[in-house]
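Can you build the whole structure from these sequences, using the hints too?
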Amino acid sequence: MKSVCSPWTLWIMSLILFAFVVRVRDGLPLSASTDFEHNRELQERKQQLRTISKALARFPDRGTIKGRELNIYFVSSEGVSYMTVCHCSLPVAKAFCFLEDLRWEFTACFNSTVVALAARPYPFLEFDGTIQKLKQHYNQSGGPALEVTLAEVQEDLRVHPPQVINLEEVELTNGTANGHMEQGPGSGQNGRLQPVTAPGILSLVLNIMCASLNIIRGVHLIEYTFQDDYEGVWNVVAFLLAFVCCVLQCHLYLFHSSLKKLKSFTLLIVIVLCNLYLLGLRNPWQLIFHISVSSLSTLLILTRKLQDRINDCGV
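Counting with UniProt numbering, you get residues 1 to 315 for the letters of the sequence shown.
Careful, some of the hints might be misleading.
Claimed, not checked - Now the in silico label distances, taken between C-beta atoms and shown as ranges: (1) F255 with I222: 48 to 56 Å; (2) T266 with Q194: 21 to 29 Å; (3) L262 with T113: 44 to 52 Å; (4) T113 with P199: 57 to 65 Å; (5) A198 with S77: 45 to 53 Å; (6) A108 with P199: 43 to 51 Å; (7) T64 with L117: 17 to 25 Å; (8) A198 with W104: 23 to 31 Å; (9) Q194 with G129: 29 to 37 Å.
Hints were generated in silico from the structure; no laboratory data involved. Think of the CB as a built atom: it goes at the ideal place given N, C-alpha and C, for glycine as much as any other residue.
Next comes the structure, spelled out in structure tokens:
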């Protein structure tokens with residue numbers, strides 16, 4: 001795609017707009033620059049950075065993604081990738097100079113062990129100050145302080161040019177690699193559910209209690225079933241099946257799953273049928289208790305939604 005830079009856009013926008021540091025092996029965001037630009041293409045490029053970061057392990061150490069007026073550049077080294085969104089008027093060599101300076105500053109602050117042990121997104125937000133100073137230097141001076149550095153980068157790019165990446169291929173590859181698994185609307189990056197509520201904790205406790213009662217009664221009944229020439233074997237099956245369904249209800253409440261509505265109603269129906277079958281072994285109050293707990297669990301499973309995706313640190 002050919003980049004066309006309008007004079008008006010060049011005037012109102014900085015050359016280096018955004019910087020992003022991620023871990024290569026899983027695309028975990030480590031740090032990012034904070035900005036308040038509302039340019040539509042910039043917001044699109046930020047979303048594309050997320051897509052690209054998930055496929056970095058399959059890319060070479062340097063790459064370029066062309067846009068209309070904004071381009072994406074990245075450099076990967078020692079398990080960390082340094083990414084930036086720049087205006088198309090910025091020379092490619094200066095963009096990669098910026099990334100090399102960013103890499104140098106980051107490795108001076110954080111060693112590979114700390115990066116490898118990072119478990120949550122954006123654990124190094126304090127590095128934002130360094131990114132901002134580096135961006136300001138490049139946007140004001142137009143390049144690195146040492147021209148020899150720029151000359152070296154230009155020569156290196158001439159010998160080993162960065163790969164130009166087609167974003168559509170990246171998105172298709174990511175979808176194939178992930179198998180499109182459980183990517184419903186709003187599933188977000190990691191499909192986190194809303195926090196567990198007090199009624200949810202109560203339903204889990206009651207479900208565990210029902211599961212325990214079912215497995216105890218089922219195991220206890222097995223002994224008499226064998227002694228009575230296998231009479232009542234279906235009662236054992238009903239107890240054990242109800243136990244499994246209670247456990248699965250707990251799992252559905254705690255973890256996100258595709259076809260959640262179908263699964264939750266199926267489990268509820270099976271539990272109701274099992275308890276109706278056990279009418280002779282349980283009194284009506286016990287049946288009401290088990291069915292009520294299952295119904296409450298089903299309601300809470302269906303009402304516990306995925307967390308809304310939020311844009312952290314302007315990414």
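Could you work out which of the previously given hints the structure breaks and list their numbers from low to high? Of the numbered hints, 1, 4, 7, 8 do not hold.
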